[in-house]
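Trainee: Okay, here's what each chain looks like letter by letter:
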Amino acid sequence: MNASFLLFTLLNTGFVLLVSPLFMSLIKKVKAYAQGRKGPSLLQGYFDLHKLMQKEVVYSPNSSEIMRITPYLNLAVLLLATLFVPIVFIPDAPEGIGNIIVFLYLLAIERFFTALCGLDAGSTFGGMGSSRLMSLSAVIEPTMIIAFAALAYVLKTVNFHEMFAITAGSTIPESPTLTLISISLFIIIIVETGRLPVDNPATHLELTMINEAMILEQSGKNLALIELAHAVKQTILMAVLINILAPLGLATELTFTGLVVSCLYFLIKASLLAGVIGLFESSLAKMRLFRLPGFYMMAFFFSALTILMEVFA
Amino acid sequence: MSLLEAFVYGAVIALISGTVLPLLYRSKNARKASFGLSLISSILLLAFAGTVLYTGKEPAFPAFRFLPGLDFTLAADRLSAGFILLIAAVVPGVSIYSVEYVEHGKSEAGKDLQATLTNLFILAMLMVVLAGNMVGFLVFWEIMSLSSLLLVLHDCSSEENKKAGFFYFVMTSLSTAFLFMGFISLFRLTGSAEFGQLDYPASILTLPFLCLFTGFGIKAGIVPFHKWLPYAHPAAPSSISALMSGVMLKVAIYGFLRFLLSVSVPELWWGMLILIGGSLSAVLGVIYALKESDIKRLLAYSSIENIGIVLIGIGLYLIFKVEGLEALSHLSLIGACFHAFNHALFKSLLFLCAGSVVHATGTRNIEAYGGLVKRMPHTAVLFLIGSVSIAALPPTNGFVSELILFQAFFDSSALPNPLLKVLLITTLSVFALTSALAAALFVKLFGITFLALPRTKSATEATEVSKLMLFGEAVPAVLCILSGLFSSRILGLLGFDLEIPDMLLIGLILAGACGLVWFAVRTSGTSKSPRISTETWGCGILAQHPTMEYTSAGFSEPLVMIFKKIYRTEISSTRVYADTKESIFKSGTARIHLIKFFEERLYLPAAYAVSFISSQVSRMQNGRLDTYVLYVFIAVLTLMTFTRYFA
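Chains as they are written, first to last, in the numbering used here: chain A, 5 to 317; chain B, 323 to 969.
Some clues are possibly wrong.
[Claimed, not checked] Cut-off 20 Å, straight-line C-alpha distance, at most; resulting in silico cross-link-like pairs (SDA-like, lysine to any residue):
1. K887/B <-> I193/A
2. K887/B <-> R295/A
3. K743/B <-> L309/A
4. K886/B <-> T161/A
5. K33/A <-> I193/A
6. K613/B <-> F294/A
7. K886/B <-> L10/A
8. K59/A <-> V843/B
9. K743/B <-> V315/A
10. K59/A <-> W840/B
11. K33/A <-> S275/A
12. K779/B <-> V843/B
13. K887/B <-> D901/B
14. K887/B <-> P297/A
15. K160/A <-> L737/B
16. K743/B <-> T161/A
17. K160/A <-> K743/B
18. K918/B <-> F907/B
19. K379/B <-> G332/B
20. K55/A <-> S846/B
21. K696/B <-> P868/B
22. K160/A <-> K903/B
23. K696/B <-> G298/A
24. K59/A <-> R844/B
25. K350/B <-> D399/B
26. K887/B <-> F294/A
27. K379/B <-> L326/B
28. K55/A <-> K779/B
29. K485/B <-> F919/B
30. K42/A <-> S286/A
31. K886/B <-> R295/A
32. K696/B <-> E216/A
33. K696/B <-> K779/B
34. K354/B <-> W840/B
35. K779/B <-> P65/A
[What the hints assert, rightly or not] Quick list of the computed label-pair ranges, beta carbon to beta carbon:
36. G18/A <-> L924/B: 57 to 67 Å
37. Q58/A <-> F920/B: 34 to 44 Å
38. R295/A <-> E922/B: 27 to 37 Å
39. K160/A <-> T748/B: 15 to 25 Å
Source of the hints: derived by calculation from the structure; they are not laboratory data. Even for Gly, the Cβ is constructed at its ideal location relative to N, Cα and C.
This is chain B alone, in the form it adopts within the complex:
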């Protein structure tokens, strides 16, 4: 056993002990130790992933035998190492933050359970990425889904959370069902449960592709399978939202990539489907987010947007690969993976900060915030870093990954097929729109939450959270900045020499320019002028009141107007007239209703269909033995006839 394997075993043992410890010793110290262990595991994983990525050396793990014929193998190549790096980057911040955050829970048992499940959840996600065959993948995929489900249900006292848990359960089961179908059809094709190169014509692989796309798509939250995200995230504790949004969605992306990369000759329409699906997710995700005023739900919608961007990259990769443009497909794939990594960092940062804000104010409604920059200055700075990264402003990491994707789009003039070019130009403009809307979204979120005057009493009385929680948030924040500034160096170190602008240079010049401007103003001979503080100008109104401020709904109103076709507000009215000629109006009602398009037009009909079929089936169950014997008899008879005449 070399050092490389030892890192993984160490991390797994640390996570298992972290899972068991709070259950054995039900105390505050055990919970602390549990989070300490997840921190240690992440450091070990960081060492492991870094080594594999840098040297390209693949560790050799022995196979574990569950049952005869069911081996469970571990394997790690550069792709899995990349996603392990992602896990190892998110976990430290979350575990440091959780040490104190978990103590805000209601019951002792709940706190213990949360610590246990957090470790189990991290372990399961790690093992999914490490799984060398489909069996292990599916087993740990289920453990991952169930542990996160229990975490979503941690506070099931409210009806809303119960509904969220149920919704999540249905969607995640659906996802697993599709994955089973996909993997079984792959198994029938290859006769092996290992993830290997798939040298088959793409037409045979259509069914596995569609099943896996749907299965992973549900888990990653692609429109139209995205609705579980905005329900599950507000219900879960913020540290878990950070893990779910930051890591779990990426695990789904990992699984999808594992399949796509093993296909030797993919088909063009796969890439087009993924590209279109990704663009739709991206733009609809951000458009829905703009309308939201629940901070965690807003961030959940923004995750849908970012997963869409990752899929845009994957779609471009496939298209360029099929068209034989090796360099461009490489570039798009790196862009997609790097964006997945960056999103893990800034979204976990934002969810952790949102958790602090919710804890300090006691509400998730951003209309009730305001002025928090004065009350929670450190959280505000960290949140601003997250917002700037997610709004893709240079020189942060969010910008670099979008830049790589833009570069891939801009170079698409090399494509031979003109119709493909038109598709790419269309998706490029959608992508640009998404990116700009995300900037508007985070101006709104930061501005309404942290700036101006507090709008409610709870916001006025908010206080800064503890140092340890701030430290937990600071870890991803620092990583956001560093991975942005050193992006081309990090990617170069991992062996990807891309021709992208050096953000370190841009950052340095920017810092230098800031210093220069400051120096010029200081020395321009007018530094004697005093700074005066006086009331915000309000057209002669002396005392400014928070009700005069812009609200979240007000801020997004112009965009809601512009995109009103997408929001589909339904205005209905009834009128009662006093006379038969309908000229004298007596009374009436009017209502404006926001149609939840996917829920009302897609999910509910599907749910009704399922419940209709099951009610029909249940009529056959009358509980009497002779009826069931009759069923068995009919079944045997049918089978015999079938095998005799048709088979």
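Pulled out of the complex, with its shape left as it was, chain A reads as follows:
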């Protein structure tokens, strides 16, 4: 632990927490425009969180401690995960922080407990959501691992911090194959954040939904924590893609100007990406549940292709 890492912990995590709700609203806004509506204000995400924080928590008498712990645990896990993805600058991190396998399994903790939460209150919707989430996440897992293995193959390291240190400073991707991985990473963002065509974040109580079904029994502050955790997850996954595909502007050392430039660049790039995600969602309909493995295969194909190109190059 050194001063640089401590400062990084505060700044990076703080920055992610601060901007995450913004991107959620931004995607909603883009989708609204695409549908010819005006959409909510860009600050709506913050208002919602504030409102939920004031509200009481309602528990089902059937539910157990799992329901009470999960919101706190989820946000804590994602706060830890933010340390793995440098956005403001690349610190001198202790061994193991930034390891991509640990990162993937931190996301798995969040999934595991959210799925348990879905089963906790005994509602059919929750069970349905958990069952679907765990099934689909099992099918996407090989894709995620292969995409990250492809990153490790191309950049010769398993640590995000070292990866970004390699890519930082260049305007275009370090290697042409990284563009291919980016397609996989984009699909992973869509899947992990529960967006169309995998899941529809805008619906409630549709039989098609996954994520919203599991958190149906959550309310008040707990719901706020879960929503915030979800937003943080989206931001850091976006940051992974951005730092690989368009790393321009990420500071490799701690300077004040570097910090400001990194943050500004990230805001611009992430807003663009959020716009792309919004348009992508607007252009597609929800897929049938059992069609999704085919969709995942596409991501798998691109990352496997990357590895094969690296292997036989």
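Since chain A is already given, all that's left is putting chain B on it; use the hints.
Mentor: Relative to the frame of chain A, chain B by itself:
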């Protein structure tokens, strides 16, 4: 005799007295003392294994002579010490748990026998690992198999258990037969029964390798030799399932490793075979487990999966070794051994907890559970620890060993052979799939068993088990967490300096973050808001009923749909028509049948072939003396002709 040997002798004496005691004094106290003795032996073994692993000092045991030319030697190096450590880690929890668990048995004699056999079983497993030559290895291997067989048959009143015992007996005999063949061919090659370095070209060693792979594979439960596990585990008492799954399967892995490590120049295809076999076991094990709703059978399938993961590590070790990547092969081997150790811990924990749940509810069917978290809160917490470890979530031990293997896979870009890389990438994706399916499996198992409302009367009336049983379960649970958090330190202490993330740091930051979030919510000025309790929302239905909950079968349905090719459900129908043109449908039948692929396509044909051959042979036996004299005459004549003209 130094202290080091004294530890082993002490442990052996304790286990022998633990075996004899319940038979001599048939009382409850004798059984208690017997389990106490196994606990003491495990502490002695812990001291022994720890010292050998830490100092690398190898103890010197005198040889014992059975028969002229048949010496029985004991030996322990770091590999055996590692597996003794594994035994010593599992036994305490099991013996503390058994003290009360065994009292739930039906007859007094059965309880005595169970205590005796448990000690004998532990002793046999210990001696297999300690055996310095093939003779001792095979003798104790048989004792291990037979004592566990008797334990599987402890309750042979039901037809199902008898079948399980018979199945296990056949498979374990088959395993021993293959081991005999393997060891005999090794003996012919080296002329010695000692386990020594095998400096032979790998092509000569092909036969021993294949025999030993099959023999140990049957015992460890590799697909397609795995079917005895899901039969034997539900039949055995839970404490024995914990030992069988936790330790006995690892003893088979130990034997296999003992052989592989002694081979100086292994061949590449060995590694590829083991890697592919391991990946298949891993993914099929977990896929079959998902469909299961018998709690112990589900855990048995999950053991098949985890043995597969261990084999993946061993396969990687061989591949990297042949390709000359020393550091990576080292890493994979440590990953495999550490996973074997971790699986011993969390699987024994899960089996012990499953035993408590089965005892409390009286059924093994998880569809009959539900809501047990309110009725058995302590068991639930311990079970959750086991589930989190086996689902490989950081910072538990299950995650660390999988992380090591993932790291080995990710670093495979150093391999010179591109086709090997493609194989590794394929197995990597299978491994990732396995790992994620295991998470889904344990969400299902924990969620359906412990959460929501109880589905049956027996689940409603379930009560928490006794403190001693809980304490027995808590031992492996605590070890799971500690060996996860301190993984890099423990491995460092044993002399393996790996570049793996420090789980203690991750764990501390996670705990800190949890505290921070809690503190932030508490102090955000809205703590006055009350907590309200109200019915789960059910679209306007007021009183929630357990039948509205998701079931185990329902939970795994999407995965069953996705992997339906693997489950091979057969849908057959017959139709009877009222007219000759087959246009008016009168009646018919339809049935959905789950094909037990390995049983129906592999085991049964083999069994039919064996029984056909034996029925042919038995025709030669008519029981009359003159016929047998004729046989002897023909045999002598054939031999004479053969030796005269061909030899």
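Trainee: State for each hint whether it applies.
Mentor: Here is how each hint holds up against the structure:
no. : hint                          : in the structure
1   : K887/B <-> I193/A             : violated (29 Å)
2   : K887/B <-> R295/A             : holds (16 Å)
3   : K743/B <-> L309/A             : holds (13 Å)
4   : K886/B <-> T161/A             : violated (37 Å)
5   : K33/A <-> I193/A              : holds (18 Å)
6   : K613/B <-> F294/A             : holds (18 Å)
7   : K886/B <-> L10/A              : violated (50 Å)
8   : K59/A <-> V843/B              : holds (12 Å)
9   : K743/B <-> V315/A             : holds (7 Å)
10  : K59/A <-> W840/B              : holds (16 Å)
11  : K33/A <-> S275/A              : holds (11 Å)
12  : K779/B <-> V843/B             : violated (40 Å)
13  : K887/B <-> D901/B             : violated (36 Å)
14  : K887/B <-> P297/A             : holds (14 Å)
15  : K160/A <-> L737/B             : holds (13 Å)
16  : K743/B <-> T161/A             : holds (17 Å)
17  : K160/A <-> K743/B             : holds (15 Å)
18  : K918/B <-> F907/B             : violated (32 Å)
19  : K379/B <-> G332/B             : holds (19 Å)
20  : K55/A <-> S846/B              : holds (12 Å)
21  : K696/B <-> P868/B             : holds (15 Å)
22  : K160/A <-> K903/B             : violated (70 Å)
23  : K696/B <-> G298/A             : violated (41 Å)
24  : K59/A <-> R844/B              : holds (13 Å)
25  : K350/B <-> D399/B             : violated (38 Å)
26  : K887/B <-> F294/A             : holds (14 Å)
27  : K379/B <-> L326/B             : holds (9 Å)
28  : K55/A <-> K779/B              : violated (42 Å)
29  : K485/B <-> F919/B             : holds (19 Å)
30  : K42/A <-> S286/A              : holds (14 Å)
31  : K886/B <-> R295/A             : holds (14 Å)
32  : K696/B <-> E216/A             : violated (26 Å)
33  : K696/B <-> K779/B             : holds (14 Å)
34  : K354/B <-> W840/B             : violated (45 Å)
35  : K779/B <-> P65/A              : holds (19 Å)
36  : G18/A <-> L924/B: 57 to 67 Å  : holds (60 Å)
37  : Q58/A <-> F920/B: 34 to 44 Å  : violated (59 Å)
38  : R295/A <-> E922/B: 27 to 37 Å : holds (32 Å)
39  : K160/A <-> T748/B: 15 to 25 Å : holds (21 Å)
Going through the hint list in order, the structure does not satisfy hints 1, 4, 7, 12, 13, 18, 22, 23, 25, 28, 32, 34, 37.
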